[in-house]
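Protein chains in written order, with this note's numbering: chain U, 1 to 346; chain P, 347 to 692; chain Y, 693 to 1038; chain X, 1039 to 1384.
A portion of the hints provided could be inaccurate.
Once the Cα atoms are required to be at most 25 Å apart in a straight line, the calculated DMTMM-like pairs of lysine to aspartate or glutamate come out as [claimed, not checked]: (1) X:K1243 / U:E216; (2) U:K2 / Y:D1032; (3) X:K1243 / Y:D994; (4) Y:K943 / P:D649; (5) X:K1243 / U:D302; (6) X:K1243 / U:D81; (7) X:K1243 / U:D45; (8) P:K597 / Y:D737; (9) P:K597 / Y:D995; (10) U:K205 / X:D1083; (11) P:K551 / Y:D737; (12) P:K348 / Y:E970; (13) Y:K897 / X:D1083; (14) Y:K943 / P:D487; (15) Y:K897 / P:D649; (16) U:K251 / X:E1207; (17) P:K348 / P:D487; (18) U:K251 / X:D1210; (19) U:K205 / X:E1316; (20) P:K551 / Y:D1032; (21) P:K597 / Y:D1032.
Calculated directly from the structure, the hints in this document are not laboratory data.
There are 4 protein chains.
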Amino acid sequence: MKVRAAVVGATGYTGGEALRYLLGHPYVEVVAAVARSTAGRAVSDVVRGLTGRTDLRLVPYDPDGLGAQADVALSCLPHGDSQEVVDDLRSVGMTVLDLSADHRLGSLALHNRIYGEHRRPERLAEAVYGSPELFGDQLRDASLIAVPGCYPTSANLALWPLLAEDLIEPDDLIVDAKSGVSGAGRTPSPGAHFPEAGEGATAYKVLVHRHGPEIERALGDSTGRPARVLFTPHLIPMSRGILCTAYARLKRGVAPSSVREAFEVAYGSSPFVHLLPEGRTPRTQDVRGTNNAHVQSFVREDDGRVVVICAIDNLGKGAAGQAVQCMNLAMDLGERSGLDMPALVP
Amino acid sequence: MKVRAAVVGATGYTGGEALRYLLGHPYVEVVAAVARSTAGRAVSDVVRGLTGRTDLRLVPYDPDGLGAQADVALSCLPHGDSQEVVDDLRSVGMTVLDLSADHRLGSLALHNRIYGEHRRPERLAEAVYGSPELFGDQLRDASLIAVPGCYPTSANLALWPLLAEDLIEPDDLIVDAKSGVSGAGRTPSPGAHFPEAGEGATAYKVLVHRHGPEIERALGDSTGRPARVLFTPHLIPMSRGILCTAYARLKRGVAPSSVREAFEVAYGSSPFVHLLPEGRTPRTQDVRGTNNAHVQSFVREDDGRVVVICAIDNLGKGAAGQAVQCMNLAMDLGERSGLDMPALVP
Amino acid sequence: MKVRAAVVGATGYTGGEALRYLLGHPYVEVVAAVARSTAGRAVSDVVRGLTGRTDLRLVPYDPDGLGAQADVALSCLPHGDSQEVVDDLRSVGMTVLDLSADHRLGSLALHNRIYGEHRRPERLAEAVYGSPELFGDQLRDASLIAVPGCYPTSANLALWPLLAEDLIEPDDLIVDAKSGVSGAGRTPSPGAHFPEAGEGATAYKVLVHRHGPEIERALGDSTGRPARVLFTPHLIPMSRGILCTAYARLKRGVAPSSVREAFEVAYGSSPFVHLLPEGRTPRTQDVRGTNNAHVQSFVREDDGRVVVICAIDNLGKGAAGQAVQCMNLAMDLGERSGLDMPALVP
Amino acid sequence: MKVRAAVVGATGYTGGEALRYLLGHPYVEVVAAVARSTAGRAVSDVVRGLTGRTDLRLVPYDPDGLGAQADVALSCLPHGDSQEVVDDLRSVGMTVLDLSADHRLGSLALHNRIYGEHRRPERLAEAVYGSPELFGDQLRDASLIAVPGCYPTSANLALWPLLAEDLIEPDDLIVDAKSGVSGAGRTPSPGAHFPEAGEGATAYKVLVHRHGPEIERALGDSTGRPARVLFTPHLIPMSRGILCTAYARLKRGVAPSSVREAFEVAYGSSPFVHLLPEGRTPRTQDVRGTNNAHVQSFVREDDGRVVVICAIDNLGKGAAGQAVQCMNLAMDLGERSGLDMPALVP
């Protein structure tokens, strides 16, 4: 019997991507796609990539109805909007994957400082951080999973194995990330306006982007080593993808070869995170449309400077793909199920 | 002594481009840049390409002040908004170049049918259509000039010489135009959102775009031959440029060679419209940032099918560059002045 | 038991795309990926989107070995190179799908005039044109299928239903097509160099592109009405996709409503060609990564001018997707098998 | 009387850009455009942005002829090819600006290690590094100027003021640079092929790119402090521009406010380098087509981490614009001459 899934906020980019993955999932049936302003329309009229692939119509939000109909919900609402919805859906007994930032930070104090007061703090405490590589064990049987943002996912995958093995100084980490514009969501804005975002690059929210603390917390919690991260997000003229370039310093006495070894250990049996053969450098193109991450590391031997590069699809491993992976683990559907596709290159 | 110019609506794309041209114009001094919501800020904080090139600050709209300060105004407001402003500025004695659609259609009946009721119909009657190639003589000493839109400019340049020489059937013209996204203006919208407009192409307003009648009227008025045009605008993933592919049929008995000859006669001495050498095809890249148009023609000899391709910069020859060219003619400043720059390739 | 497939020319764009589809096909096992200069390397080191999805290594071309190993071959070589290879593979008994132009034109005289002398004319005579919509019946049990190019596929889908129903004049058809750059293949060239092809649009091979006659022949053969097509290909700054805008004229006396009806009849039960709801216009984005085609039609009622717009993925329905669809029909694998995925938007 | 200039290697991207600047220079006459394989053709048929702006024809390389005809040469050849040419042109008495890497590294030992043996080492010793901000005094009356590459220019402008004022640790500098694809030159290559470079990002030559040592040497020589730089170049999908994000650490005891002050001192009177108002972040768009650099700095006060962002046009301040600026200084033509234009936005 298939798991019955609902997508709430189905018409944004992460919602549409969640539908794309779920409609091809062998053990899932999509029973509801929830949207506010477009309720009543055909899903494929709004999420146009689904044309010819589903007859679903968008429905308004009704938690009781969803609870009766579905086993699991992917909440793809903006942060803030997710808090009540997640609480509702948990109250009717559903397993919930929240793709917003609302349940990611674990600490209530930290959440309130960064995002403002949380309105359902008990749910925050209940949530597991949805990174299968960092917290896989906790995800089995989890019923509320806070799926990480795209920037933290790429940064965590780049740095976690080195921190976990205690190879690098934890207090001097730099994450220089280059993001495609879809990371800003589907709502038009000046920064995402084609003539502004095309043929140009810029940094934004330097030193103050809210994903910095999320990265620090995820790395710290998963390794037991408090991490300090300088995070610089950039917007570059592509629709999808994040290329994360992370800089660290080897601890004194650590052999340069242990860097690659740490990644081999960490990701050798991972279905989605691929340490590339030496000599190949990650490209966002090569993970487009997938839940894959491509990782490569470099060490400057004379002074122990380390560079790790990680490429993901911001809507895949950075959002909906990872949510499905977490769902697979939490509901025991097989980690690869519905996610085993090649990338779209070119 | 320099002509004193004001730009009204200085922070939109056509307004910013007008400033770019005017600040380098040898016989013009820019005395005012008018904006609504950003009045008080430095021009270069909003029109960022001007950083380091001007100390002007944006000022609120004040027609009397402008009349006292400036000789000529470029009105770069959206259609509809331009009607009162143009009337105001004419009333205080300024020469006005209107870059909106408000004074382009000549016929009040046509205007009212397509854009809704004109609120200053007497100004509509006063306006000259700002196409130096089609109506150059009327532009000398004109005091109100309606500068054509980007689509009509490219289509008119492609078809006018053939119609004027009576070489083609006037009632079966097709204009298939591909536009960069800046043609939609600076205000964000779903269609111009980078993740939607990037890596993709679409047509829009098929058969109903309002530039269709503008093309028909401009061609008809300039040649005395009523033209029927099927106009299909497309949006393609670039910021600037229009590539117009026009299709016509030779009239019976017309020699194929007369097509190229007509363009040689029409544009042989034009400072901005260049008939390319045979074998070269127009590219929007090659006119980027300029007031140039590149034209090439092809004839299928056995049945007289004609293809004419014209490339312009939608913000240059399709808007601000052409406005400056018209101003140069109207105010006798030398047609090339301020416009004699190479294109930015790549 | 699965069909065993080989891809010859596996590292070009159509070859890589063929592998992408075939690796996810439920009834196919990919047993060989053939390449010349990269033989011996891992497929996923060259076709990087397959990283983590296959352990195949590239092998050199060996027709006897392929014949022993595989039932069907997709030949993804450039035209010219395909002739001997197709002959070889047919000689060892394989079903062959040729994605090059080498067996598309049916008529030897036409082929020789356009592409130069064919070296295996008997195979040209044997080939069926691989358009399931136009020639579906002939594809069942076909053993040599010439899969159409991307331009002809989009043009044929736009015009064939109207010609078949005798609604339009066959001798005055215009096809204005806008192509992504991957259509030029994987070999770098000046026209596909990013700084040249980015932020710009151009037409090329106006009146002389070799796909013009292919369109004419496919339309003529499938409808029995000799078609005359003026074909203008354009290059626009995107990697994938073709947007085809076709212009025709209704025959005297034909009701405008019969246009949409013809498309409803033609495509109402098609698994991949979708006539969009009225009011929606095809976008190449909405078919990206799929074998789908989106079609919409418009009629100018007063004079019977017809515009049909068709969007496909040039590597999907325009190449490898269509090849798989043809293979499915020829080998009775279920037309949708391996092709039933949503598009990647954004 | 105008200075007579020749451009050698006129048809590459830096050569074409040099012509673009020089043709608008008030005190320069372009007397020769030299090219190898295209000699004899009109310049504007190859450097198509110049269509209608020059009647020059490309001429083959003839050093004696150039010496007789011209006062100054811009050599825009690839590194390696420049060595003999620069020697020739110096021998006939010309002032030479070399835009290649052939004379940048000062130290012969360093050059030979990185680029292979220099064939005209005495010219290497003669050359001044063409950075007006770092070495302005040495440029006056220089007769051989090695114009820096695009990456070093952006990195140097970001870090030099802080090193010169001894505010940052010199041995732990990180330069994470994002480049447009035109930096790879005009010759097509797999990495610059549109379908590969579009819609994607990648790093390349991590730890081994040859501009790393050039940055270290320029910073060291200009400040007297040996700098150690970790340089990571990235390719992002735009044609023009470099966005450089540099990371440093304040020396113990340095006040955070001294960072901005250092930039104010360094660039307060610079005609082309603009420290942006606080709150504004550099965008490559805002310097497109110009010799400008936009700079902004950020300090994390608790631990003294510094981020400096610098945006330039790789073909402008990163190549041809800077060459003209150097020429202006060396030949006393007024530093701004020919370079005082706004950026092309959008």
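Any hints this thing doesn't respect? Which numbers, in order?
1, 3, 6, 7, 8, 10, 11, 12, 14, 20, 21
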